[in-house]
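Participant: What follows is the residue order along each chain.
Protein chains: 2
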Amino acid sequence: MTLRDILAERPAARPKIPAAIESLRTVFGERIVTGEDVRRAHAHTTTYIPNQAPDAVIFAECEAEVQRIVGICAANETPIIPFGVGSSLEGHVNAPQGGISIDLSRMDRVLAVHAEDLDCVVEPGVTREALNAHLRDTGLFFPIDPGANASLGGMAATRASGTNAVRYGTMRDNVIALNAVMADGRLIRTARRAKKTSAGYDLTRLLVGSEGTLGVITSLTLKLYGIPEQILSGVCPFPSVRDAVNTVIQTVQTGIPVARIELLDAQSMQAANAYAKLDLKPQPSLFVEFHGSPASVAEQAEMFGILAAENGAGALEASNRAEERSRLWKARHDMYWASMQLRPGSRAIATDVCVPVSRLADCIGETQEDLQASGLIGPIIGHVGDGNFHVTLLLDMDAANEIEAAEAFLTRLAERAVAMDGTCTGEHGVGQGKRGYLHGELGAAVEVMQAVKTALDPHGIMNPGKIFLT
Amino acid sequence: MTLRDILAERPAARPKIPAAIESLRTVFGERIVTGEDVRRAHAHTTTYIPNQAPDAVIFAECEAEVQRIVGICAANETPIIPFGVGSSLEGHVNAPQGGISIDLSRMDRVLAVHAEDLDCVVEPGVTREALNAHLRDTGLFFPIDPGANASLGGMAATRASGTNAVRYGTMRDNVIALNAVMADGRLIRTARRAKKTSAGYDLTRLLVGSEGTLGVITSLTLKLYGIPEQILSGVCPFPSVRDAVNTVIQTVQTGIPVARIELLDAQSMQAANAYAKLDLKPQPSLFVEFHGSPASVAEQAEMFGILAAENGAGALEASNRAEERSRLWKARHDMYWASMQLRPGSRAIATDVCVPVSRLADCIGETQEDLQASGLIGPIIGHVGDGNFHVTLLLDMDAANEIEAAEAFLTRLAERAVAMDGTCTGEHGVGQGKRGYLHGELGAAVEVMQAVKTALDPHGIMNPGKIFLT
Chain A
1 MTLRDILAER PAARPKIPAA IESLRTVFGE RIVTGEDVRR AHAHTTTYIP NQAPDAVIFA
61 ECEAEVQRIV GICAANETPI IPFGVGSSLE GHVNAPQGGI SIDLSRMDRV LAVHAEDLDC
121 VVEPGVTREA LNAHLRDTGL FFPIDPGANA SLGGMAATRA SGTNAVRYGT MRDNVIALNA
181 VMADGRLIRT ARRAKKTSAG YDLTRLLVGS EGTLGVITSL TLKLYGIPEQ ILSGVCPFPS
241 VRDAVNTVIQ TVQTGIPVAR IELLDAQSMQ AANAYAKLDL KPQPSLFVEF HGSPASVAEQ
301 AEMFGILAAE NGAGALEASN RAEERSRLWK ARHDMYWASM QLRPGSRAIA TDVCVPVSRL
361 ADCIGETQED LQASGLIGPI IGHVGDGNFH VTLLLDMDAA NEIEAAEAFL TRLAERAVAM
421 DGTCTGEHGV GQGKRGYLHG ELGAAVEVMQ AVKTALDPHG IMNPGKIFLT
Chain D
1 MTLRDILAER PAARPKIPAA IESLRTVFGE RIVTGEDVRR AHAHTTTYIP NQAPDAVIFA
61 ECEAEVQRIV GICAANETPI IPFGVGSSLE GHVNAPQGGI SIDLSRMDRV LAVHAEDLDC
121 VVEPGVTREA LNAHLRDTGL FFPIDPGANA SLGGMAATRA SGTNAVRYGT MRDNVIALNA
181 VMADGRLIRT ARRAKKTSAG YDLTRLLVGS EGTLGVITSL TLKLYGIPEQ ILSGVCPFPS
241 VRDAVNTVIQ TVQTGIPVAR IELLDAQSMQ AANAYAKLDL KPQPSLFVEF HGSPASVAEQ
301 AEMFGILAAE NGAGALEASN RAEERSRLWK ARHDMYWASM QLRPGSRAIA TDVCVPVSRL
361 ADCIGETQED LQASGLIGPI IGHVGDGNFH VTLLLDMDAA NEIEAAEAFL TRLAERAVAM
421 DGTCTGEHGV GQGKRGYLHG ELGAAVEVMQ AVKTALDPHG IMNPGKIFLT
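Residue numbers (the UniProt record's numbering), protein chains in the order written: chain A, 1 to 470; chain D, 1 to 470.
Here chain A stands alone, though its shape is the one from the complex (with noise of 0.2 Å):
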């Protein structure tokens, strides 16, 4: 979908939007809001998709407030757009149909926390890093790491992932269970705590990646982890994309259990090294980690370094002790931040594709040409463990050719993914960004999709305009 597409969208007429916010505001009082400010806020800020921002926003404080809610937007048919923190890229929280936002940031409570089985149950606006905190006397973590602080909620509606889902998983993998509002303002609870069931059809899995267009989730529990008896974090020079992507390969194929292995082309380490104050040789190069026990990650780090020398690495330098590990890892988290100073005043628009992995080094190959050719300025970074990799395009939002460009270039890169049998999106989501490429490729698996979204939502009020061209 370019701008223009978005922009020139006729969505639903929605007349009773304004009886449905006279009626929350009976309920809720002054906790609906409908000054311009907090209804910007709560609409698409983070890329250069265009905020177009709700006609009201709701902060809900529990579950049976947020049915409550549901109830009378779908007495009025008026859409609602959950809201966590706002930290997703595709648009998802944008009301192209107007409606309500329902801000869920406080339902932040962690509700329980069962160490004996490696679970706990949160609230949809607690974020990954409240989360952590909590746990922190525990000896348990929650993996899942997109960058961003995000909310749990917000997490599972776009199947998120990141930095160490080569070894923990998604969200798909990681849910066990799920408390949601369905359209009809029906409250269901997805499964109970059981580490895995047979019973029925997985309702959890099908709301988590479905980007609030099915249910506003009001619980989530979640797997936990014990916390490592040791982490040694490292980066590794490569001599190209290629030699990197060859070591991944045979990493993962070798059976080391990597906890990460992220990808930068020579593009991010330059801009790392720029953006950190940073000294790392501005070659493609590996993050890695690796979690066990002392004798376990040593062995893990000897195999990894064995295989990268084979595929003609520098040395791995590495470090066990947390400051240095926080300090090579908040790098790599900052690149969103370290590619725009790459060119200043620019707006970034992040993609991001996955492909098989025996595929990615043609994948990145093809991608890095491309932007040579586009005229486009685009560092790469990638979770390479899973094929996954973000483009970081950085674009003068003046020049109208730039955009233009831009918009051919995604097309192309998420065409490019697809015919090497990956998909437009290992963990950003399809929101409203990438609705255009959902047909090419899944054909008639998206209207079969779209039947299940017909019978759970008849009058479209969740979320519309998103995952769907309408």
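By construction, these hints were calculated from the structure, which means they are not laboratory data.
Note that beta-carbon positions come from the ideal geometry of N, C-alpha and C, so glycine has one too.
Check the hints yourself; a few may be wrong.
In silico SDA-like pairs for lysine to any residue, Cα to Cα no more than 25 Å straight-line [said to hold, decoys possible]:
1) A:Lys330 / A:Gly226
2) A:Lys16 / A:Thr26
3) A:Lys223 / D:Gly443
4) D:Lys223 / D:Ser87
5) A:Lys223 / D:Ser87
6) A:Lys223 / A:Asp173
7) D:Lys223 / A:Gly169
8) A:Lys223 / D:Asn246
9) A:Lys223 / D:Ile256
10) A:Lys223 / D:Thr254
11) D:Lys223 / A:Ile256
Computed beta-carbon distance windows for the label pairs [to be verified]:
12) A:Val27 / D:Ala112: 31 to 39 Å
13) D:Arg25 / A:Lys16: 50 to 58 Å
14) D:Trp337 / A:Gly312: 50 to 58 Å
15) A:Ala322 / D:Glu415: 46 to 54 Å
Starting from the structure of chain A, add chain D where the hints point.
Facilitator: This is chain D only, laid out in the frame that chain A set:
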């Protein structure tokens, strides 16, 4: 559901079944079979649930044929029951409304092995043993092992798991994508081959565990793993079930990446000794297996040994020799047959429940007391790392009061598991037998499942009479 309930059901009339058979015969000739022996062999045969034969069995040889068959059945509102090898335990392959059993065992080709990507593509009739035989020279394997040499399509349909799910997950975690023919004859592919995706609803996970009620699986893309450099298996006797379970909790929490950890109660150990001519201590025991490098395996076994000893265990008798390991796991896998020898001439019904592991010792303890109070024989074995266990009831089918006692026991067992925040089935599925427990476990979520079912199969032709009470 009692036997009587299942037999007393009055399902929808299906007057056009003869027309469907006639149409199918025109296209498939002798590959549609209506002889009683073949029909009965394609209905339920593995427990005491009644055999409800289909009207005909058709042997499909490729995806296009499945599409043709479903199209003809859809046009005649004729039930379709997918059939792999018939090893399911809850009546999934029965035909309570008559109709056509699609035997997929001739669709047994491994279509691709992508060693670099650690995945493969198979037809649904490939069994797990056949796949692993095919992979023998690649250094890779497919780990999920429900005991029986089940078909991979059937394993996906019931969301199967088994002994090493504690390390490798269940079918939920190991299916990357599916091809499926839906109720209207439409062929879909649920995802591409990338390791992760955020592109739309997770139709892969919606079909995994749907027990043939939404579509017929026609191919599966599965995750593979490198065969571990070393495998060490062993047995360890404990003073009590609770001591064994506490050791399991501590093992998982310490982060020991145990590959299998199976509980056998004292009665099961006696049965195993008698059947497999072993000389193991007749105490509650854990069968364990460790995978990894030699150093890692040694470390895992040592750490496990320390935890076990702290819980009063006898010595861990372990071996990394292939024949010793095979003998041990064969004894475990043969428990169904070994248990039946505890009462020659009996019929067995193997049930499963799954609870949070913190409640496992309570759940097993109360279940053992219940068995004793009910005068029933039911050895217990379990995939205890997941909180999942089986009771194999050994019944005299001529004793009506015993059947009645067994059915009351099964209901109490399911309710006990649910009351402990667990599930009435961890891996066998709902089928016919557990439909009565689903609403008690999941409440309004069952109505959401039914809305999905109705949207995707409005005439109820896909494996009717399973999962949901009609």
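Participant: Quick check: which numbered hints come out false for this structure?
Facilitator: 5 and 12
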